[in-house]
Amino acid sequence: MDRVMQPKQSLAFGDLLHRRPRTTANDKSLMKEGLTQTPSAAVLSSNEKEYPAMDAASEVGEGLAGFTLRELYISFRFVRYDLLVTVLPGAMLTLATHIKGATIFGTAANLTPIWRSLPSSIFWMWLFVYVTTLANQITGAEEDAVNKPSRPIPSKLVTISSAQKRFVWVCGLFVLVGSCLGNGVLSLAWVADVLVVELWGPSSTYLHWLTKPLFMVIGILIMGLGNPNIVGPITKHHPTVLYIGAIAIATGLFGFNIQDIRDVEGDRSRGGRRTLPLLVGEVAARHLCNMLLLCCWGILHLALKALHRPQNFATSMVILVWCIFLCIRTLLFRSPAQDHKTYMFFVYLYSFVLFSYLWAV
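Using our numbering, read the sequence shown as starting at 101 and increasing by one per residue.
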């Protein structure tokens with residue numbers, strides 16, 4: 101009476117699932133002759149191994165999917181701090197080129213459709229920044245342990261040795277993808293630039309204050325020409341080359357120095373590295389960066405004026421107000437967290453200047 105009553109259907113179904121195959125008289129006679137497995141059991145065994153090739157392919161597919169997802173996650177961990185300053189502006193520039201395509205290339209031009217060029221731009225820029233951050237974080241693991249301990253190498257997600265192997269493969273893939281998109285020379289030039297600046301000794305010591313701005317100028321120029329070039333042959337359009345060149349010099353040579361103010365402690369841990377704050381002192385560096393920001397606006401103003409577009413004066417005034425706002429923040433808000441916010445406001449200015457290509461050229 102204490103047993104729990106179960107429906108007959110449930111008992112019958114469970115009995116069916118767990119029932120052993122019935123041994124026939126013929127099976128018993130075969131077992132007497134020395135066979136260790138009955139034909140009924142042999143049928144089940146053969147059914148279990150009926151598709152070994154499919155099982156092997158399934159295992160390979162699962163392994164490949166796991167490897168791909170892991171590499172995507174690792175790449176995201178490497179590039180996540182730099183997506184707003186690379187992938188997003190690159191995609192915006194590609195989109196702007198599509199919108200004004202007829203103005204630049206003419207109505208008869210055969211342009212890459214947006215459904216293909218925009219994903220290509222995002223993928224190419226992802227590899228662009230992945231090459232850069234791999235090299236930077238390989239050589240700067242000690243600094244990242246202070247400034248950004250959540251990065252892959254300080255957090256032990258990957259070792260320096262495995263990061264070096266990834267760097268070789270990603271460089272090759274970046275040049276290959278760039279060649280398919282018409283940016284082979286630009287991709288090769290960027291890899292060479294990264295190798296010289298990031299992996300060459302003086303770039304991380306007393307010449308860092310000089311080599312980093314030059315590195316930024318080349319990178320912005322490659323990115324600024326490469327993304328529109330995915331849409332169509334942009335180098336033949338001289339106003340575009342003029343404006344992208346002005347943006348590269350203004351922001352790379354004069355603007356991005358503001359980044360070093362937020363990383364003083366990490367740069368100091370690198371020993372011989374000399375950034376502007378370590379070279380002239382933090383307070384003097386803040387005043388110097390403000391002067392460089394105004395130089396950044398001056399170069400952009402001259403370029404906008406030379407292009408003779410009706411909206412360019414208003415664009416120049418917006419950039420000027422933005423630069424003054426950054427100067428005020430640099431002087432009044434001096435904690436590491438506030439310095440990071442100031443740098444991010446400059447990144448937004450940089451993205452705005454790139455997107456102004458839509459109406460400024």
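Errors might be hidden in some of the hints.
Said to hold, decoys possible - Keeping only pairs whose Cα atoms sit at most 27 Å apart, straight-line, the calculated BS3-like set for lysine-lysine is:
| hint | residue 1 | residue 2 |
| --- | --- | --- |
| 1 | K200 | K441 |
| 2 | K200 | K336 |
| 3 | K248 | K405 |
| 4 | K248 | K265 |
| 5 | K336 | K405 |
As the list claims (entries may be wrong) - Label-pair ranges, simulated between beta-carbon atoms:
| hint | residue 1 | residue 2 | range |
| --- | --- | --- | --- |
| 6 | A245 | P410 | 47 to 53 Å |
| 7 | E162 | W269 | 51 to 57 Å |
| 8 | W459 | L172 | 31 to 37 Å |
| 9 | T168 | L188 | 55 to 61 Å |
No wet-lab data here; the hints were simulated from the structure. The beta carbon of each residue, even a glycine, is placed where N, CA and C say it ideally should be.
Consistency of the hints with the structure:
no. : hint                    : in the structure
1   : K200 x K441             : violated, 33 Å
2   : K200 x K336             : holds, 15 Å
3   : K248 x K405             : violated, 41 Å
4   : K248 x K265             : holds, 22 Å
5   : K336 x K405             : holds, 21 Å
6   : A245 x P410: 47 to 53 Å : holds, 51 Å
7   : E162 x W269: 51 to 57 Å : violated, 22 Å
8   : W459 x L172: 31 to 37 Å : holds, 36 Å
9   : T168 x L188: 55 to 61 Å : violated, 24 Å
Of the hints listed earlier, those the structure fails to meet are numbers 1, 3, 7, 9, in rising order.
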